[in-house]
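Assemble the whole structure, with the sequences as input and the hints as a guide.
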Amino acid sequence: MKREIKLGDKVRDINTGFTGIAIAKTEFQNGCVQFCVSPPCGKDKSKMPEPVDLDIEQLEVVGKPKKKVISSPHGGPMNKKMQNRS
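Going by this note's numbering, the sequence shown opens with residue 28, and the numbers climb by one from there.
Calculated directly from the structure, the hints in this document are not laboratory data.
The structure displayed is predicted, hence computed values, not measured ones.
Every residue gets a Cβ at the ideal spot worked out from N, C-alpha and C, and that includes glycine.
Check before you lean on any hint, since a few could be wrong.
[What the hints assert, rightly or not] In silico EDC-like pairs for lysine to aspartate or glutamate, Cα to Cα no more than 16 Å straight-line:
1. 33 - 84
2. 52 - 82
3. 37 - 82
4. 37 - 71
5. 52 - 31
6. 33 - 80
7. 52 - 80
8. 37 - 87
9. 33 - 87
10. 33 - 54
11. 52 - 36
12. 91 - 31
13. 52 - 84
14. 33 - 82
15. 91 - 36
16. 52 - 87
17. 93 - 36
18. 94 - 40
[Stated by the list, open to error] Label pairs and their calculated CB-CB ranges:
19. 31 - 69: 24 to 32 Å
20. 94 - 57: 17 to 25 Å
21. 33 - 59: 17 to 25 Å
22. 33 - 71: 24 to 32 Å
23. 37 - 74: 30 to 38 Å
24. 58 - 93: 30 to 38 Å
25. 79 - 57: 18 to 26 Å
26. 56 - 89: 26 to 34 Å
27. 87 - 53: 17 to 25 Å
28. 75 - 34: 12 to 20 Å
29. 91 - 56: 16 to 24 Å
30. 58 - 94: 30 to 38 Å
31. 32 - 71: 23 to 31 Å
Structure below.
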């Protein structure tokens, strides 16, 4: 069964209930696909929780991003000044 998960989706581990945002995707040569899932920050936002790598087979989408995820061809966010340089 092919799962349609995109970066920025809110996902849940069907085995443990762990929930977070898919922030990175890794595709291995053997066909294994994993997503790096970042959990939400706690009330004390001074300490960022560690993201977790999970297989696509154990994830389900529970929400879509409220804002469109924008990426640049250079791999990171760009401000207007940098965009005009190319």
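Enumerated hints in conflict with the structure, sorted upward:
Going through the list in order, the structure violates hints 4, 18, 20, 23, 29 and respects the others.
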